[in-house]
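Chemist: Each chain, letter by letter, is given below.
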Amino acid sequence: MLDLTPKEITERKALRINPCKTCQPAGALYCALGVHKCMPHSHGSQGCISYHRSVLSRHFKEPAIATTSSFSEGACVFGGGSNVKTAVKNIFDIYDPDIIACHTTCLSETIGDDLNTYIQQMDIPEGKLVVHCNTPSYVGSHINGFFNMMAGFIEYLAEKSETCNGKTGIFPGFVNPGDMREMKKIAGLLKADYIMFPDTSGVMDAPITGRYDMYPKGGTKISEIRGLGAVRKVVALGEITEQEPCMVLKRKTGVDSDILPLPIGIANTDEYVMALARLTHAEVPYVLEEERGQIVDIMLDASAHLFGKKAAIYGDPDTVLGIASLVLEMGMIPKYMLTGTPIESFNKKAAALLEKYGVADQCTVKANGDLFELHQWIKNETVDVLIGTTYGKQIAKAEDIPLVRAGFPVLDRHAHALQPIVGYKGALRLVEMILNAILDKQDRVCADEDLEIVL
Amino acid sequence: MQERDKLLDKYAAKVFKNRKDHIVQLEQEGVPQEITANSRSVPGLMVNRGCCYAGCKGVVLGPLHDVVTITHGPIGCGFYSWGTRRNKAKAEDGRNFIQYCFSTDMQESDIVFGGEKKLKQAIEEAVELFHPACVMICSTCPIGLIGDDIQAVADWAKTTFDIQCVAFSCEGYRGVSQSAGHHIANNGLMKHIIGSGDAVPHYGKHTINILGEYNIGGDGWETSRVLKRIGYEVRNVFTGDGSYEGIKDSHIADLNLVMCHRSINYIAEMMKTKFGIDWLKVNFIGIEETIRSLREIAMYFDDPIITAKTEEVIADEYAAIAGDMGFYKEKLTGKTAGIFTGGSRTHHYQALLNDLGIKTVIGGYEFAHRDEYEGREVIPNIKLDADNKNIEEITVSKDEAKYRLIIDRERFEELKDKIELEEYKGMFRDMGAGTITVDDFNHYETEKVIEMFKPDIFYSGIKDKYVILKAGIPSRQLHSYDYSGPYSCFQGALNFARDSYMAIYAPAWGLISAPWKTTSTLMGKIGGEK
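Note that the protein sequences, when read in sequence, are chains V and W.
Mapping the first sequence onto the working numbering, position 54 (from 1) lands on 54, and the numbers just tick up by one.
Mapping the second sequence onto the working numbering, position 304 (from 1) lands on 304, and the numbers just tick up by one.
The shape of chain W in the complex, shown without the other chains:
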């Protein structure tokens, strides 16, 4: 029996029928197989997914450091998304709202009589206290149910206080996972903020935005450092250490780099339509992938100075870590790993593990869509179900004043064949035969794949971490990096190698079994002995 069959074996008919299409064991290396994704979870399965609010406020909007983001709802959701995601942010002017949690802390009477009045009052109090340029409102479950019109409140706030105010109806029950929240956040940012500034392009500067980079553990800072060394002007990071003031003018970039395809491809696509900005799928996790990404960006701009500088920086950054990486690679080569993350890291980190000689045998995503597994070419074939149809699709049109093309379309077509320009090839193309991939993985399946594959290390999130450790398998969190990082680019790869080495070689692993479990403590003489 294949591992996939064993994994499904315990399920009763209905659950089996649902889960079988979410689990793929690759028959051939790098050849995608169809997987079912982005569909409703089975009630009662201990899934790792969060909700729409978590995707919208927690992931995409939370990192904006100059925005007062008010969670409109009872206290829990705002509380849980306060300082727990490690999207680091600095504000030179000291106006860093990331350290704060804002909520309307809805009470029973607000649920009964409606919460709009309280929300208005909360915005007023926030404006008086902090004078923010932008306020965002994120709804939690009860808000949609009681019918508070948060869009109207946002409009009221705009005119009353002369600020930007954007409302996001990201109630937890919308969609099937965080993914719906990403989409809602993308829509709101695109409709109201991106391109609303009046900055003019810095011609000849090679200005770029990094999309889908949330600066967990400082990844965005490290990537920006390397890009700036080469000579790029990093305009905006979406949204890690991002700002309202910054992304207003993000339309002046020459190129958008896309890290997390899942959470931000909507903005990448819409910015292309509206402002003409091309996007390139990059991956700054892993040395080989960082080098590939840097070279592809250079190819896009085709500037001899940048091309030369790219090679110089690659050589220099690599030289700085080569020695230590060699040590870690020697210690880690031949190990196997499992990775369960949200919607992009499982692919990204396989590259880095590959650099270290670690083979990924188990992969999985909480909320990816088929394109993250099989590649973007399947997008036209994806049928939307009822849950997904409820998430608004917005269309944008060309902004004649701000639209510009950086490279001519002939060259664009030419480049498309060579680099990941407006393309994402998906994770399966980088996975080996016999490896298993689980969409919307749950606790039972996690336990089971660990038991079957016995990986040397498992990368996942906080809800699994201690389950895995208890089973005697080293575990690192790839959502929060266990309070470490950055893991991006060259220095980041070294940090990751060190952390993985540390996890596997922690001396205490040798202490789990007590000596009296294996050695007898009975002393004495057998009868008759002298």
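For reference, chain V alone in the conformation it holds in the complex:
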């Protein structure tokens, strides 16, 4: 496996090998699926959305609906205006969504198609909406696409308001529906009346009923996105992912945000809980305190098996930062922290986190990296566990390192998207997964006389 990867690291300026990111439109699609009765629409050639729908379906094991402007060579020359106008008419006729959320592609961006103008020229049925955002695939990653689509919805829909609706906005970041449910559970326990945006729970984890619903029950309602302009404050989770949407919301409606790390690990979850408690003035209920105590208990119990163990963590920037925080809390070393997303603030935040635990000099951090390079690092100095997406399984196999799947995409397992890695419950799950992965390997490779029955 990966036999051609040399140990010796040479500088690459042009060749990306085994990426740790994908392109903007995939993130835009995921965001739009978190809006109720929304049809995501890709303004590009058919292949783009075919790929994006496939990767989301493979990750969530759920339908990922979306339409396309089906660019042909002619549309590239004359512009895609007529395509998108025809598309929008057909979408409302046939699929009857309440809103269409268009995103662009590298194709339509390169020819300079102006969706803003096209939308103004469209014949949109009464009561229906069309919004858009720009997601050039040659800038950033799927993370940029996700936050650009959020910003697009906010730009079009959020309404400035003189009166506060008493609600709290929650921006969950690029996470699974299982995570969103956990965030909402915590918000509910703190008596927050909240608007989560986007919210793919109830959409990308919808139950089977024997009847297919193109628009399942979940998703943020249009009225709720409008209402984001009247919330008390937004608690935005994901320090890198949420900058842009929070800025746009502030500019458009004056609403402030608390931008926090993804609530992965104890300290980050504590921050989330505290932020909500400050807003709602609710007492933190015992049930949450109990959850917290349980996981800290387990962390101390398991500490002996994990202390000093080294992890390579890779994936989306906020996810990597969050998991690194949890790993540090267990006394482990996040030896390598890598994201493919080219957002440099990742490096600073990672460095600050590592500094806090005094392990910065033992760790390597990189934004805009790839898995080929991560593998080379590991060949030079190995780790005890890999934590990240499915694509790390090649390295795991090549180097016989246990892999804990977390983040996006996880294409080769089931049920993961319904389970949290955020909150105290999520921390418990991650700790269990990491512990099992490391101990399973230990059991597999140890001498017979060293096989422990009790730990």
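Source of the hints: derived by calculation from the structure; they are not laboratory data.
A couple of the hints might just be wrong.
Capping the alpha-carbon separation at 20 angstroms, the derived lysine-lysine pairs in PhoX-like fashion look like this [stated by the list, open to error]:
| hint | chain 1 | residue 1 | chain 2 | residue 2 |
| --- | --- | --- | --- | --- |
| 1 | W | Lys14 | V | Lys85 |
| 2 | W | Lys191 | W | Lys448 |
| 3 | W | Lys88 | V | Lys397 |
| 4 | W | Lys90 | V | Lys397 |
| 5 | W | Lys191 | W | Lys158 |
| 6 | V | Lys393 | W | Lys88 |
| 7 | V | Lys7 | V | Lys393 |
| 8 | W | Lys117 | V | Lys89 |
| 9 | W | Lys248 | W | Lys191 |
| 10 | V | Lys366 | V | Lys356 |
| 11 | W | Lys448 | W | Lys20 |
| 12 | V | Lys250 | V | Lys167 |
| 13 | V | Lys37 | V | Lys128 |
| 14 | W | Lys17 | V | Lys89 |
| 15 | V | Lys309 | V | Lys348 |
| 16 | V | Lys348 | V | Lys366 |
| 17 | V | Lys89 | W | Lys20 |
| 18 | W | Lys274 | W | Lys158 |
| 19 | V | Lys185 | V | Lys233 |
| 20 | W | Lys205 | W | Lys191 |
| 21 | W | Lys90 | V | Lys393 |
| 22 | W | Lys454 | W | Lys359 |
| 23 | V | Lys217 | W | Lys205 |
| 24 | V | Lys89 | W | Lys10 |
| 25 | W | Lys20 | W | Lys191 |
| 26 | V | Lys252 | V | Lys310 |
| 27 | V | Lys250 | V | Lys233 |
| 28 | V | Lys167 | V | Lys85 |
| 29 | V | Lys393 | V | Lys441 |
| 30 | W | Lys272 | W | Lys402 |
| 31 | V | Lys397 | V | Lys441 |
| 32 | V | Lys184 | V | Lys233 |
| 33 | W | Lys120 | V | Lys13 |
| 34 | V | Lys356 | V | Lys379 |
| 35 | V | Lys366 | V | Lys310 |
| 36 | W | Lys17 | V | Lys85 |
| 37 | W | Lys117 | V | Lys13 |
With chain V fixed as given, assemble chain W onto it according to the hints.
Modeler: Just chain W now, kept in the frame of chain V:
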């Protein structure tokens, strides 16, 4: 109202006008009717089609395991075509590039100032790191728009590094589907690689190539195993677990077998013109079809040893699965199925379903041409539209040094009447009256045909799979085989039977409805009761 009319009923005039010619409900069993295919999709319809790049890099070139295939464009396209198609490959020498994804990961400044420099640099870095004998370049949408001359870069790479380098301008907007990409890939392989080696024919060995076999789930390996048992020398599989080093010398084959007609018939035809190699349409999906194919190959070579061995292998392979197949057939007979695939499997799998007593009532293709539905005889009547005219048609001429005929032309003509030699009869001839066929099927039509026909199982791809399951219909992917396979030949048929049985008989189907939906939980006494 016929099902076809109901399917079209919801469409407004313009969409109706377009879609009506793509949907055929057969009036008579096995009698082809005209269908419109390989034309532009209607914007806004949730179609399943991919793009030209997907057909070129994803399907045809991706499986070549000893080639560094660099996707020239932003990161997405390369990322999505990395390890997602299950075209399995082994490399004995450990030089397996299938596990890797190579991209120039174009950034905004590259789009503005041009990406040729970055592409050259990327090739240089790939050569330094891996020393490949062959590099391929596949363009994505923006490349054609900004005008990067990838052909010139390929020429530069050839001379600079003394390697083979082939550029494919397979931007996603070209053509109307993956089909354009197949054609572009076929052209590039034919122009630059096929026949460029200097191997000499192995006379008397009965050497064959399998074309249009991408080794999904190991199909190509299973088919090769059976063919080798009979005594054939399997020269090259195009392109499943294929290699640049191998296909260079694919001209020494005596016969080309064609599995996926859609994606590779261009190469089959051009190899015929250039090297004299005849081609035979085969189908190793389904027991009856495998037997037919094996017998037709034997008829072509007309070698008594091979003919005898063919029967021996058929008997032996069949005996090994007969018992289990009997069980599955008993469980599956009488069921109905729908199949939506790319451009050949819908036909191939009907044969296998037939072996199991399952009737296919719904069929459809994403990117087939009329010949896949109606048979090759319609090819002269197909009018090319603007989208298709833009795809280059190359012509090849006889290579005097490498051209050879294996059987004399009199016998060739004689055989043509008996076997599918240079012929493909199309899918309609194997479909029943009243069955519906949808070209360039979309989400709405998929939902609707399921609702109308209520098939017991539906075979499609990842984008539909969970839609179908949600509707309570068992679903299996026929592009990726849901991480199972192989499905080819005899053992493969058994795998497929097991997987279909498993899909239909999964106990959890019985759990969908919660008990409180059907049984009252209210307990109590009616007033006055004691």
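Chemist: Take the hints in turn and mark each one as holding or not.
Modeler: Right, here's what the structure says about each hint:
no., hint, verdict
1, W:Lys14 - V:Lys85, "holds, 13 angstroms"
2, W:Lys191 - W:Lys448, "violated, 44 angstroms"
3, W:Lys88 - V:Lys397, "holds, 17 angstroms"
4, W:Lys90 - V:Lys397, "holds, 16 angstroms"
5, W:Lys191 - W:Lys158, "holds, 15 angstroms"
6, V:Lys393 - W:Lys88, "holds, 16 angstroms"
7, V:Lys7 - V:Lys393, "holds, 18 angstroms"
8, W:Lys117 - V:Lys89, "violated, 42 angstroms"
9, W:Lys248 - W:Lys191, "holds, 11 angstroms"
10, V:Lys366 - V:Lys356, "holds, 18 angstroms"
11, W:Lys448 - W:Lys20, "holds, 15 angstroms"
12, V:Lys250 - V:Lys167, "holds, 16 angstroms"
13, V:Lys37 - V:Lys128, "holds, 11 angstroms"
14, W:Lys17 - V:Lys89, "holds, 15 angstroms"
15, V:Lys309 - V:Lys348, "violated, 23 angstroms"
16, V:Lys348 - V:Lys366, "holds, 10 angstroms"
17, V:Lys89 - W:Lys20, "holds, 19 angstroms"
18, W:Lys274 - W:Lys158, "violated, 24 angstroms"
19, V:Lys185 - V:Lys233, "holds, 18 angstroms"
20, W:Lys205 - W:Lys191, "violated, 27 angstroms"
21, W:Lys90 - V:Lys393, "holds, 18 angstroms"
22, W:Lys454 - W:Lys359, "holds, 12 angstroms"
23, V:Lys217 - W:Lys205, "violated, 64 angstroms"
24, V:Lys89 - W:Lys10, "holds, 14 angstroms"
25, W:Lys20 - W:Lys191, "violated, 39 angstroms"
26, V:Lys252 - V:Lys310, "violated, 44 angstroms"
27, V:Lys250 - V:Lys233, "holds, 10 angstroms"
28, V:Lys167 - V:Lys85, "violated, 36 angstroms"
29, V:Lys393 - V:Lys441, "holds, 15 angstroms"
30, W:Lys272 - W:Lys402, "holds, 11 angstroms"
31, V:Lys397 - V:Lys441, "holds, 12 angstroms"
32, V:Lys184 - V:Lys233, "holds, 16 angstroms"
33, W:Lys120 - V:Lys13, "holds, 11 angstroms"
34, V:Lys356 - V:Lys379, "violated, 27 angstroms"
35, V:Lys366 - V:Lys310, "holds, 17 angstroms"
36, W:Lys17 - V:Lys85, "holds, 18 angstroms"
37, W:Lys117 - V:Lys13, "holds, 11 angstroms"
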